[in-house]
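Peer 1: Sequence:
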Amino acid sequence: MNSDIYDYTIDVMRKKRRDKGISLQTIADCLNVSKTFVANIENPKNRARLNFQHVNELSKLFECSPKDFLPTEPL
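Note that the UniProt record's numbering numbers the sequence shown so that position 51 is 51, with each residue one more than the last.
To be clear, the hints were calculated from the coordinates, so they are not data collected in a lab.
The C-beta atom is built at its ideal place from N, Cα and C for all residues, glycine as well.
Just to be clear, a hint being listed does not mean it is correct.
Said to hold, decoys possible - The calculated lysine-lysine pairs, modelled on DSBU-like cross-linking and capped at a C-alpha distance of 30 Å, are:
hint	residue 1	residue 2
1	Lys-45	Lys-60
2	Lys-67	Lys-35
3	Lys-45	Lys-16
4	Lys-15	Lys-45
Claimed, not checked - Derived CB-CB ranges, DEER-like:
hint	residue 1	residue 2	range
5	Arg-49	Thr-26	17 to 27 Å
6	Lys-35	Lys-60	18 to 28 Å
7	Pro-74	Asp-29	17 to 27 Å
8	Cys-30	Lys-67	10 to 20 Å
9	Lys-35	Pro-74	24 to 34 Å
10	Asp-19	Leu-70	15 to 25 Å
11	Ser-3	Lys-67	17 to 27 Å
12	Asp-68	Thr-26	14 to 24 Å
13	Glu-73	Gln-25	26 to 36 Å
14	Ser-59	Lys-35	17 to 27 Å
15	Ser-3	Thr-36	27 to 37 Å
16	Pro-74	Thr-36	10 to 20 Å
Sequences and hints are given; from them, build the entire structure.
Peer 2: Here it is, written out as C-alpha cells:
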C-alpha cells in the first residue's frame with residue numbers, strides 16, 4: 001500500500017506538535033488513545049494509522065483546519 005499520504009499527514013502532525021511544544025501524552029489525551037499509540041504513529045518502523053476523527057481532533061488541538069493535514073495536490 002502506498003503510504004505517502006499517511007507520511008505527509010504524520011509529518012504535519014509531528015511538526016505542529018514540536019512547534020507548539022506539545023507532548024505525546026497531550027496528543028494521546030486529545031485522541032483518547034495511549035501514548036504508545038501516538039509514538040507508533042510517529043515511528044516509521046511501526047506506523048499506527050490516523051483516521052479522519054483523529055485528524056479532526058488534532059485540528060481542534062492545533063487550532064487549524066483539517067485541510068492543513070492534507071497536501072494541496074495528489075501525491
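Peer 1: All hints, please: hold or fail.
Peer 2: Going down the list of hints, with the structure as the test:
1. For the suggested pair Lys-45 and Lys-60, the alpha carbons sit about 28 Å apart, so the restraint of at most 30 Å is met.
2. For the suggested pair Lys-67 and Lys-35, the alpha carbons sit about 24 Å apart, so the restraint of at most 30 Å is met.
3. Pair hint Lys-45 plus Lys-16 holds up; C-alpha atoms about 21 Å apart against a cutoff of 30 Å.
4. This hinted pair checks out: Lys-15 and Lys-45 have alpha carbons roughly 18 Å apart, not beyond 30 Å.
5. Separation of Arg-49 from Thr-26 is about 20 Å and conforms to the stated range, judged on CB atoms against 17 to 27 Å.
6. Taken as a hint, the range 18 to 28 Å holds for the pair Lys-35 and Lys-60, whose Cβ atoms sit roughly 19 Å apart.
7. Range check, Pro-74 to Asp-29: about 33 Å between beta-carbon atoms, so the 17 to 27 Å window is missed.
8. At roughly 18 Å, the beta-carbon separation of Cys-30 and Lys-67 lies within the given 10 to 20 Å, and the hint holds.
9. In this structure the hint that Lys-35 and Pro-74 lie 24 to 34 Å apart at CB holds, the actual value being about 33 Å.
10. Against the hinted window of 15 to 25 Å, the Cβ-Cβ separation of Asp-19 and Leu-70 comes to about 18 Å, which satisfies the hint.
11. Remark: the range hint 17 to 27 Å for Ser-3 to Lys-67 is upheld by a beta-carbon distance near 20 Å.
12. At about 18 Å, the CB distance of Asp-68 to Thr-26 agrees with the hint of 14 to 24 Å.
13. At about 34 Å, the CB distance of Glu-73 to Gln-25 agrees with the hint of 26 to 36 Å.
14. The hinted window of 17 to 27 Å between Ser-59 and Lys-35 holds, with their beta carbons roughly 20 Å apart.
15. Taking 27 to 37 Å as the suggested C-beta distance range, the pair Ser-3 and Thr-36 does not conform, at roughly 20 Å.
16. For the hinted restraint 10 to 20 Å between Pro-74 and Thr-36, the CB-CB distance of approximately 32 Å leaves it violated.
Hint violations for this structure: numbers 7, 15, 16, all remaining hints satisfied.
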